[in-house]
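S.K.: The primary structure of each chain is shown beneath.
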Amino acid sequence: MLAAGLIAVLSPIAAEGQSMTPMRGEVRSFTDAFAVRVFPGNPYDQRIRVEIHVYDQDFRPIDARITPKAFVLAGQASRPVLVVVPFDGANERKVRICTESIPFPSEQTQIRAQICGKFFGHRRF
Amino acid sequence: MKFFRVAMAASLLAVCTGQTASAATGNVLFNGTITATCTVTINSNGTMTVSSNLQSLSSHNAGGSAGSAQVDTTGGVTLSVDPVTITTVPASDTTATTWTPTFATSGAQTIAETGTATALTVPGTSTVAVNLAGTKSGTDRFSAGNYQATVTLRCE
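If you read the sequences in order, they're chains W and F. Using the working numbering, you'd call the opening residue of the first sequence number 1 and step up by one each time. Using the working numbering, you'd call the opening residue of the second sequence number 126 and step up by one each time.
Only chain F is shown next, with the shape it has when bound in the complex:
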């Protein structure tokens, strides 16, 4: 009897040998959607200096420097600067000043200096140089004292 059981087991094993195991397969799909994103990081200050004729106060003048910001984006966004509305001028300055903010980018995408909204189409990190120029016309001149102006850099 014992011999019979061993023989049966051996024969069953022999029959099963060579049979492939049946396995079901399926595909697992992954979907991902990246919407436009934008991160703005202000890096450094800008400085405006006055021109020799005292009619220009600008970061473009000698000794002046642009502000710097970093923009990280997926692309598909627009970069712009707002008209300057927040300024602080010395009490002695009672004449009108025209403020003109501009920006330029380098890095992932290069944009020549402009004051109009420009699309950022290239994903990556771009460095933004923000400039501001104040001008007076006619006989008006900048006067001694501290000037401050706020430039809004917008990514949308």
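If we strip away everything but chain W, and leave its shape as in the complex, we get:
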């Protein structure tokens, strides 16, 4: 009885997963920020909600400008997302740009897919 009550479900919904291109990139910039355009994709036939996040090499969040940061993606569709990453005084910066799925309200989501690309920005003076 107790065992039955303890059954927990790792229940991902079908709207959990995505792709992103490109997953590697090197950018040279003459300003104090560098820009990357990525294309999150939805491999499913139904729409999903995704968010874009930017992290440093240790997966600490970076305050980057992301346009759009969160959106609904139609089935089998992809769309461009512009990410502008500040150098924050450094001459180069390695970042991860990640596409993460977001569950719709009232739906259980226990396996979350995350696709991360690695990008290297160089500052030129």
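Worth double-checking, as some hints may not be accurate.
[As the list claims (entries may be wrong)] Here are some chain W residues pointing at chain F (derived, C-beta under 7 Å):
hint, residue
1, Ser19
2, Thr21
3, Met23
4, Arg24
5, Gln110
6, Ile115
7, Cys116
Hint data in this document are derived by calculation from the structure and do not stem from the laboratory. The structure presented is a predicted model; accordingly, all values stated were derived computationally and were not measured. Heads up, the beta-carbon is just placed ideally off N, CA and C, and yes, glycines get one too.
Put chain F on the given structure of chain W with help from the hints.
M.R.: Frame of chain W; chain F shown alone:
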């Protein structure tokens, strides 16, 4: 005069016969670069069940099942799972639980069950089995109620 024109045309035709047409040739090059790509599709749910000593809540236990995902990749990427940070436990459970997510792959590339980041070097489709185990130590026990935990499967 008419005969002369016909004769000239015939003679010119005879002269041109046997001459090869001069044609220029060139090569058209095509280049293509495939960068690393990865598509993750979650296939099915996972289920955790409790052990007889009530100290393990795991998809490895009897009656439990792993979650399943499909990874399509060109290779040159790394697959990993994050430490579990998002959990829901019953109010009656006030003791600490250690959550351990693991994964294994089959298909294009086989990876034995691991919790550490592993390179996917083989292009193709691999099926990922995602397992999660929660453990309690000492005299702590899992209690009745619903448990939920989120495992992040990352391809980078």
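S.K.: For each hint, tell me whether it holds in the structure or not.
M.R.: Consistency of the hints with the structure:
Annotation: interface hint on serine 19/W holds; nearest CB of chain F at approximately 4 Å, less than 7 Å. Among the interface hints, the one on threonine 21/W holds; its C-beta lies about 6 Å from the nearest C-beta in chain F, closer than the 7 Å criterion. The interface hint given for methionine 23/W is met, as the beta carbon of that residue sits about 5 Å from the closest beta carbon of chain F, less than 7 Å. With a cut of 7 Å, the hint placing arginine 24/W at the interface with chain F holds, because the nearest CB-to-CB distance is about 5 Å.
Hint status for glutamine 110/W relative to chain F: holds, with the closest Cβ pair at about 5 Å, below 7 Å. The closest approach between the C-beta of isoleucine 115/W and any C-beta of chain F is roughly 5 Å, which is under the 7 Å cut-off, so the hint is satisfied. Residue-level restraint check for cysteine 116/W holds (minimum Cβ-Cβ distance to chain F is 4 Å; threshold 7 Å).
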